[in-house]
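Engineer: The primary structure of each chain is shown beneath.
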Amino acid sequence: MPGDLIIAVQHAAGALGQEPNQPQLLQARQMQALSFAVHIPLVCFGIAFPAMVLFVEALWLRTGDAAYLALAKRWSRVMLTLFAVGVVTGTILSFEMGLLWPAFMATFGDVFGLAFALEGVSFFVEAIFIAIYVYGWDRMSRRAHFLTGVPMAIAGVTGSLMVIAVNGWMNAPTGFDIVDGKVTNVHPFAALFGGNLWHELTHMYLAGYMVTGFIVAGVYAYAWAKGRRDRYHRAGLVVALSVAALTAPVQVIVGDWAGRTVAERQPTKLAAFEGLSRTSKGAPLDLLGYYESNGEIKWGIKIPKGLSILARHDPNATIQGLDSVPANDRPPVNIVRYSFQTMVGIGTLLALLGVLYIATWLRRRRLPRSVWFYRAVMVAGPLAVVALIAGWVTTEVGRQPWVVYRIMRTSQAVTDAGGLWVAYGVLVVTYVLLAIAVAWLLRRLARQSPTQELEA
Amino acid sequence: MTLADVCVGLIIAGITAYAVFGGADFGAGLWDLTAGGAKRGARVRGMIERSMSPVWEANHVWLIFILVVFWTAFPVAFGSVFSTLYIPFGLAAIGIIFRGSAFALRGQAATINEARTLGATFALSSVIVPFCFGAAIGGIASGRVPVGNATGDPFSSWLNPTSIVIGVLAVVSGAYLAAVFMAADARRAGLPDLERAFRARALGAGIVAGAVAIGALPIVHSDARSLYDGLTSSTGLVFVILSAVCGVVTLALVWLGRFELARVSGAGAVACVMIGWAVAQKPYILPGELTLKQASASDTTLTALVVSMAAGAVILVPSLWWLYRLTLQGRLDKPFKPMGDEL
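Going down the list, the protein sequences come from chains A and B. This note's numbering puts the first residue of the first sequence at 1, with every later residue one more than the last. This note's numbering puts the first residue of the second sequence at 1, with every later residue one more than the last.
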């Protein structure tokens with residue numbers, strides 16, 4: 001029975017004593033979500049960009065073609081700028097852990113904190129080597145310079161691995177016991193590598209390559225469509241687009257794996273993805289439409305047995321509905337459902353775009369010629385970011401009302417401090433200014449002639 | 001020595017490193033602010049740009065290091081500190097965003113107005129951030145953070161005599177360390193006028209920092225008596241005296257133009273004050289409220305943390321050493337260019 005796998009609800013008392021009474025819980029959650037949405041696209045660049053830059057540098061080392069050198073240098077400057085912005089937005093996130101969720105940290109900091117300590121080490125390595133790499137162009141031997149990029153690329157991956165480990169743990173908490181409401185018997189490594197780490201990790205890494213690949217490709221697709229078709233722009237387009245096109249179809253398969261794991265471990269979350277109100281055998285899949293409070297999907301397109309097939313690969317499997325838990329233990333269905341469908345819809349379109357590119361390449365050994373293809377690539381980058389954020393909304397809002405799944409409620413975790421509205425306003429203004437500033441800077445970088453990279 | 005003591009040691013080491021390296025970056029912002037008009041300040045600003053660019057991200061990571069060790073090893077203390085001191089920490093977080101991005105953008109400014117706006121943002125937030133951190137430390141040390149979820153006073157916990165004096169001290173000592181660092185850098189770059197300019201700033205700021213530190217004593221005496229008593233008796237006093245000695249030695253070294261050594265003794269002065277503070281409030285982590293023993297995570301977690309950090313150090317120490325060596329050899333330097341002059 002699928003029901004056997006549900007972790008029993010087991011409440012942990014907050015370690016800061018009296019439970020918070022925070023009327024602005026929603027604002028606290030929105031601030032966290034906003035900060036996360038700002039930071040997570042930068043994480044994608046942290047995961048994928050170093051490897052792409054190194055790849056282009058390797059092409060230069062092999063061929064001696066100056067276009068590759070110019071491209072690698074230009075990308076490395078963009079990488080450093082985005083890393084710097086990621087440093088500060090990531091700092092905000094770590095402050096918010098304490099500022100917004102002190103009771104969560106006080107109760108569980110010793111369970112999952114180790115992951116962040118390891119992330120700190122990775123982040124340090126990345127900061128050190130990204131500086132050496134970017135400022136070290138032409139200052140050391142070619143080989144040595146390439147090698148300094150390797151720890152940078154590895155650290156970009158291990159750092160986010162650790163953060164995802166914490167998220168996996170929040171969704172499938174392990175590595176501790178609760179005795180009389182107190183967290184005891186902590187095994188920090190078990191907490192790290194249990195949980196939902198592996199599918200979340202794979203899903204996010206592919207997303208990192210898709211987002212980075214499509215955004216970068218979009219820049220060169222624009223130049224391509226404008227007729228700038230020299231070797232430099234062609235290399236930028238082909239490398240970035242190939243990365244994106246190769247990962248996007250794979251993401252469909254990984255997405256299926258992630259969905260089935262959720263079905264197994266967090267059936268209520270899956271029910272919210274799909275708006276399935278009652279536990280049912282051979283459950284249908286509803287596309288689009290609106291989830292009404294009576295538990296029906298209005299104006300949806302129904303695919304009989306679709307959900308059972310997707311979630312369990314069995315048309316007659318039983319899928320748990322939202323009614324398997326009390327009403328106050330359910331996540332808000334429509335937000336989760338629309339986010340989920342947005343992610344899946346965009347992901348499918350991007351996979352098709354990737355397949356089109358690969359097929360053209362394999363059959364005709366050339367780039368697609370239609371201007372519409374390049375227009376689609378320009379749109380694909382922003383769409384990939386939308387899918388990325390929608391995916392995180394799906395998993396994070398789908399986890400509600402729990403901060404630690406079925407153990408601690410978000411409302412128990414929040415700060416008791418006042419004035420969250422003020423903080424929220426300041427944060428919004430700050431991020432708007434930051435976004436304007438970054439856009440301005442990247443535009444200025446993009447306008448410089450590529451030959452300038454070779455002059456220094 | 002318990003595992004919890006080792007973790008306190010890690011936090012103290014982290015704060016010291018952040019105060020020395022990160023503090024110097026903040027201090028550079030203060031000198032940027034006071035460098036004068038576009039023309040007059042161009043060379044000083046160019047020097048700041050050149051010195052800070054390759055290292056500021058790595059320096060900043062010390063802050064993250066402090067946070068993660070703090071919340072893993074002493075989760076209840078962390079939750080109490082951050083929920084009560086949310087205003088200074090919130091301001092510092094926002095300040096860090098403005099400072100980091102303004103610094104990154106300023107190098108690209110195309111008009112004098114852009115450069116001025118960005119420079120002012122960078123400089124102003126460089127002053128606010130260390131003040132807030134210093135004030136927060138003052139709030140903890142003077143026993144104004146109770147255990148609980150935002151149970152302390154949101155204002156008087158960091159706007160009190162002890163907090164203010166420590167906040168000012170953080171700003172001034174950062175300015176001092178920055179000037180020492182940049183004097184050394186200017187010498188390496190063969191820019192004697194800037195070396196003189198920063199040496200003068202270092203001496204001035206060093207004297208002010210010393211004066212603030214001495215002035216802090218009567219203030220702490222009247223405001224936070226138990227902290228004062230801890231700092232002026234037995235082991236606490238030893239470290240306070242050591243710190244004062246380091247401070248004087250640093251000034252002498254700057255006077256003699258031995259800037260590299262001065263950085264080391266400057267770090268020593270900061271480290272000794274931190275150790276003195278930890279000794280002064282023993283056995284408490286939140287004075288009068290929570291002892292270190294009560295606040296500690298389980299031994300399993302502390303062991304995992306210490307072992308991970310030791311393993312991390314095997315990678316980090318040589319990497320950091322290499323980065324600083326490359327920087328000191330001038331191999332990562334951006335070419336020096338007066339800033340704002342050409343606009």
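Everything labelled a hint here was simulated from the structure, so no lab data went into it. A portion of the hints provided could be inaccurate.
Unchecked claim - Per label pair, the in silico range of CB-to-CB distance:
#1 A:177 <-> B:313: 47 to 57 Å
#2 A:288 <-> B:291: 56 to 66 Å
#3 A:61 <-> B:317: 38 to 48 Å
#4 A:379 <-> B:146: 33 to 43 Å
What the hints assert, rightly or not - Footprint (simulated), chain B over chain A, 3 or more residues, beta carbon under 8 Å:
#5 15 to 24
#6 287 to 294
#7 347 to 356
#8 417 to 427
Quick caveat, the model's predicted, so the values are computed rather than measured. Glycine included, C-beta positions come from ideal geometry on N, C-alpha and C.
Engineer: For each hint, tell me whether it holds in the structure or not.
Structural biologist: Here's how the hints hold up against the structure:
1. A:177 <-> B:313: 47 to 57 Å: 31 Å, violated
2. A:288 <-> B:291: 56 to 66 Å: 58 Å, holds
3. A:61 <-> B:317: 38 to 48 Å: This hint is violated: roughly 30 Å between Cβ atoms.
4. A:379 <-> B:146: 33 to 43 Å: 54 Å, violated
5. 15 to 24: holds (count 5)
6. 287 to 294: Three-residue rule not met by the segment 287 to 294 of chain A, so violated; n is 0.
7. 347 to 356: Coverage by chain B is violated here, the residue count being 0 at a Cβ distance below 8 Å.
8. 417 to 427: holds (count 6)
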